Amino acid sequence: MTVTRLTVRALLLRRRSLALLLPVSSVLFFVGLAIVRGDVVPDIQAIIVGRLLVTTVAPLVALVLAVTAIGDERESGTIVYLATARISRLRIAAEKTLAAAICTAILLSPALIAIVILGNHLGVGTDNILRGLAGTLLVATVYVAVFVTVGLLLRRALVAGILYILVWEGAIATIAPSAERFSMTAWGRAITDSGIYGLTPDLVPTLAATTGVIALVVATVLAVVLAGWRLGRMDLP
Amino acid sequence: MTPLLEFDRVSKWFRDTVAVGDVSFAIEPGVTGLLGHNGAGKSTAIRLATGLAGPDEGSIRVLGLDPRRSGTARAAIGLVPDGDGLWPGLTALGLVVSCARLRGVSAPQEAARRALKTVDLLDVADRDVKGFSQGMRQRVKIAQALVHDPQVLILDEPLNGLDPQQRETTIALLRDLGNQGIATLFSSHVLSEVERVADRVLVLVNGRLVAEGSPQGLRELMDERPRRIQVVTTNARAMAAGLAGLPGVVSVEVTDDGVLIETRDATSLARTLPELAVATNAQLRSVEPTDENLESVYGYLTERARGTRR
Chain A
1 MTVTRLTVRA
11 LLLRRRSLAL
21 LLPVSSVLFF
31 VGLAIVRGDV
41 VPDIQAIIVG
51 RLLVTTVAPL
61 VALVLAVTAI
71 GDERESGTIV
81 YLATARISRL
91 RIAAEKTLAA
101 AICTAILLSP
111 ALIAIVILGN
121 HLGVGTDNIL
131 RGLAGTLLVA
141 TVYVAVFVTV
151 GLLLRRALVA
161 GILYILVWEG
171 AIATIAPSAE
181 RFSMTAWGRA
191 ITDSGIYGLT
201 PDLVPTLAAT
211 TGVIALVVAT
221 VLAVVLAGWR
231 LGRMDLP
Chain B
1 MTPLLEFDRV
11 SKWFRDTVAV
21 GDVSFAIEPG
31 VTGLLGHNGA
41 GKSTAIRLAT
51 GLAGPDEGSI
61 RVLGLDPRRS
71 GTARAAIGLV
81 PDGDGLWPGL
91 TALGLVVSCA
101 RLRGVSAPQE
111 AARRALKTVD
121 LLDVADRDVK
131 GFSQGMRQRV
141 KIAQALVHDP
151 QVLILDEPLN
161 GLDPQQRETT
171 IALLRDLGNQ
181 GIATLFSSHV
191 LSEVERVADR
201 VLVLVNGRLV
211 AEGSPQGLRE
221 LMDERPRRIQ
231 VVTTNARAMA
241 AGLAGLPGVV
251 SVEVTDDGVL
261 IETRDATSLA
271 RTLPELAVAT
281 NAQLRSVEPT
291 DENLESVYGY
301 LTERARGTRR
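Protein chains in written order, with my numbering: chain A, 1 to 237; chain B, 1 to 310.
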């Protein structure tokens, strides 16, 4: 796991990584606001966890860390030490994904703690609190895997990723029910929100939680395999 | 016997530019210098040799295996890249241990200490590489390349940016490694450096291998080439008339302030010029070779390789 260790260290030592705490703090803000206002409707859980954390914050953090995980190594030239090692390119891609997912989880941890507090405040039950945590982490992992791959395919992966998150995931897939089948965050919301009773119809996921889990796991595996394939065929500096 | 590293008619293009064109060579134990000016294709050749890039044509073999596909082939190579990048937040020991682990070394700590001792950095093994000088960082890079006891050591411009003392230390280290039987390939654009270290030299010009052999052979080849010498004198026409027809003189041209001579025998010309100046009542103000830089040497070798040189 040397690649994972080196990548986690490099990602967490970057000062720019700390800037990602800014979007994370938005979750803390809205959780605090809900508690102060004394809101107890279950929709609050679906809006803050499903719509804010899973749909926007976790993808943004995952996107930046995923693109940086390999991008920084290519830029600094340290990737040659990995690429000339005995290990396969697939393993490099898998360990890079794991490292970026670990860092994403670390940076999201204040938000994860906040949604546990929110769940307790709203009384949604331990089951739904755990679904919220699992769904967020699974979405973050699939985003990391997909954007490690996109980072190997496109020069402007960060711009492409932000557009994807805002336009497809943030707008189209939350409005058009038919688009949900092709939305990674909708798969996540299927996990985080499908067990909450009393949601207004607009917030009830159309997909089952099991479908969400399977889709996220399959997409993660496919993305890692594609990243390994791409890394094996590309010329490195 | 299978060569340790072999290029067989290898070509690599970047769009319309030929980075490496139809290059074939094999590397055996000892030090081989890869000589060429900037942009000659040295770094591309090194990237191809280490599997970082794939050839468009031809094949590259390390111990008979494709370094792009075979972990065994890559494990036989130690690479010292040209770039200065090292992972942040690591001590010299931590960095070399990490590289040992990446290459599957069974006792990484011991191997890393041995490698750091080889490059004379064991005393500072526990210091963060961030505070190291460029020479020390270069030695860390060499240590990480040696940590898994490679059979082939490849160094991309290892003497770049080093001060004279660091340069001497690195040259001595490369010689030692070559003497230990490691097949060492290092690139440089400085002929004198290559001459001091290498048993054999490969000369790349515009991506093509235009000469190979011992440094001495290469030097003789270069000594044989016609030299262009600019003579600044007060009586150019008389000097030119005297120079034409002298043995070894290929051409004589009168310029604004003197004579431009092309000769195959610079030593003889150096003896004749003062005598000729006296005989023609001319003053010699300066005598300068105009093509002693490496570019002109490469140019000569290229023309010779193409068969366009007289």
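Everything labelled a hint here was simulated from the structure, so no lab data went into it.
Any given hint could be a false lead.
[What the hints assert, rightly or not] Pairs of lysine to any residue residues, derived as SDA-like cross-links and limited to a Cα-Cα distance of at most 20 angstroms, are as follows:
1. B:K130 - B:W87
2. B:K130 - B:G71
3. B:K130 - A:T126
4. B:K117 - B:Q165
5. B:K130 - A:I175
6. B:K130 - A:E75
7. B:K130 - A:R74
8. B:K130 - B:G178
9. B:K130 - B:R175
10. B:K130 - A:I113
11. B:K130 - A:L12
12. B:K130 - B:L173
13. B:K130 - A:R233
14. B:K130 - B:D120
15. B:K130 - A:I35
16. B:K130 - B:R69
17. B:K117 - B:D66
18. B:K130 - B:A172
19. B:K130 - A:R15
20. B:K130 - A:H121
21. B:K130 - A:R5
22. B:K130 - A:V217
Values in this document were obtained by computation on a predicted structure and should not be read as measured data.
Hints and how they fare:
1. B:K130 - B:W87: Distance of about 9 angstroms is within 20 angstroms: holds.
2. B:K130 - B:G71: violated, 30 angstroms
3. B:K130 - A:T126: Violated, at about 47 angstroms.
4. B:K117 - B:Q165: holds, 18 angstroms
5. B:K130 - A:I175: Status violated; Cα separation ~50 angstroms.
6. B:K130 - A:E75: holds, 17 angstroms
7. B:K130 - A:R74: holds, 19 angstroms
8. B:K130 - B:G178: violated, 30 angstroms
9. B:K130 - B:R175: violated, 28 angstroms
10. B:K130 - A:I113: With Cα atoms ~35 angstroms apart, B:K130 and A:I113 exceed 20 angstroms; violated.
11. B:K130 - A:L12: Cα-Cα ~17 angstroms, so holds.
12. B:K130 - B:L173: violated, 23 angstroms
13. B:K130 - A:R233: violated, 32 angstroms
14. B:K130 - B:D120: holds, 18 angstroms
15. B:K130 - A:I35: violated, 46 angstroms
16. B:K130 - B:R69: Between B:K130 and B:R69 the Cα gap is close to 33 angstroms, so the pair fails against 20 angstroms, i.e. violated.
17. B:K117 - B:D66: Since the Cα atoms of B:K117 and B:D66 sit roughly 32 angstroms apart, the hinted pair is violated (cutoff 20 angstroms).
18. B:K130 - B:A172: violated, 25 angstroms
19. B:K130 - A:R15: Holds, because 16 angstroms separates the two Cα atoms, which is no more than 20 angstroms.
20. B:K130 - A:H121: Given that 20 angstroms is the threshold and the Cα spacing comes to 48 angstroms, the pair is violated.
21. B:K130 - A:R5: holds, 18 angstroms
22. B:K130 - A:V217: With Cα atoms ~39 angstroms apart, B:K130 and A:V217 exceed 20 angstroms; violated.
This entry does not satisfy hints 2, 3, 5, 8, 9, 10, 12, 13, 15, 16, 17, 18, 20 and 22, going by the numbered hints stated previously.
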